[in-house]
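Protein chains in written order, with our numbering: chain A, 30 to 134; chain B, 1078 to 1306.
Derived by calculation from the structure, the hints in this document are not laboratory data.
We put the beta carbon where it would ideally sit given N, CA and C, even for glycine.
Careful: at least some of the hints might be erroneous.
[What the hints assert, rightly or not] With the Cβ distance kept under 7 Å, some of the chain B side facing chain A (calculated, not the full set):
id	residue
1	1078
2	1110
3	1150
4	1264
5	1274
6	1276
7	1278
8	1282
9	1294
[As the list claims (entries may be wrong)] Derived contacts from chain B toward chain A, CB cut-off under 10 Å, selection only:
id	residue
10	1153
11	1272
12	1281
13	1293
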Amino acid sequence: MKRAVTLGALALLLLAGEASAQRYARDWSQLSPDEQRRAWENYERYRQLPQDRQQFIDRRYQRFQGMAPEEKQRLREKYDAYRRQNPEQRRDFNKKYKRWKGEKR
Amino acid sequence: MRCGRAQRWMTAAVDAELGGWRAQALERHLADCAECRQEQDRSERLDALLAGLPLDTPVSTQLEQDTLRRVRIAAADEAERPARFRLPTWITAPVLAAAAVLAVAVGVTRMSPTTTAGPAPEAPGVVPPVASVPAPAPRLAKAPPPRTADRAAAADVAPPEPVETPRVDPPPSDPSRRPDLPSEPPPELASAPDLFMDLNLLRNMEKLQHYDAIETTTLHEQDGEPPNG
């Protein structure tokens, strides 16, 4: 009985996670005109990427969709901070990233 | 490893997204192959050049369109040229990209101060929107590998961060009014618009996930020198 309840709770959690991911995935018609335009332009860039890069981005998209809303929000905030970096800060950050990545391996 | 594969992996390596045995194999190949090493140097220089561009520079729509038209014409000429007269991709791609960047940069400095800046696309680059609706394709079903001219354009897309490219004028409120923006999106775009909205975020996701750890990483005077050594 206890096992069945645990399994049921796990299934509910999985369903809730899926529903949450769906809720945050918007439909094309829900995008503002500016957003649609940006999506179009990025779509064109995406199509011109080599196939392995497209697959790489697809995998990241799947991971992003599966994240909790708070984590997505955190990433968006970090992305805003990243975009606000001036060129010098950006260069330093990218150098640090390469170093961090090298140390991590 | 063959040079063709090495050059494909170099794109990921410039983004620091090539890990494990692939990175090691590429390093070994680069140690032995002067041609690929030169190509790698060129890619890194181009990356640095793009990274040095101002983040929020207003660019008029007219200038943007003129530049993109020139790039398209150059790419079409390149594609139509008989193979024996065609320069290798490793020459044409950086040259086309650098020409586009230079044209935008020159235009920015000459631009009238009355030009208005507005909300920008996430990362406007030199890849133009196309005039026709691409062939419908299911999401994750891939198009064939890019042709030479496409690879030139793709070279501008590959860098890791949203390249510090110029900001463009605000788009018209209704995208369907733009002559080169069809009103109906292809199924691939319509089914997952968020993927394309967040393209640059996704490309930089690893950096963003570890943003704080990266920020606290120490840089040494000589880039590439290991810490404490």
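Okay, the hints, checked on the actual structure:
1. 1078: Violated, because the Cβ-Cβ distance from residue 1078 of chain B to chain A comes to roughly 15 Å (cut-off 7 Å).
2. 1110: Check failed: Cβ of residue 1110 of chain B comes no nearer than 20 Å to chain A, outside 7 Å.
3. 1150: Status violated, d = 17 Å.
4. 1264: 10 Å, violated
5. 1274: Because about 5 Å separates residue 1274 of chain B from the closest Cβ in chain A, which is inside the 7 Å limit, the hint holds.
6. 1276: Holds - the Cβ of residue 1276 of chain B comes within 7 Å of chain A, reaching about 4 Å at its closest.
7. 1278: Where the cut-off is 7 Å and the nearest Cβ of chain A is about 5 Å from residue 1278 of chain B, the hint holds.
8. 1282: Check passed: Cβ of residue 1282 of chain B comes within 5 Å of chain A, closer than 7 Å.
9. 1294: 4 Å, holds
10. 1153: Cβ of residue 1153 of chain B sits 15 Å from chain A, so the hint is violated.
11. 1272: Because about 5 Å separates residue 1272 of chain B from the closest Cβ in chain A, which is inside the 10 Å limit, the hint holds.
12. 1281: 7 Å, holds
13. 1293: 8 Å, holds
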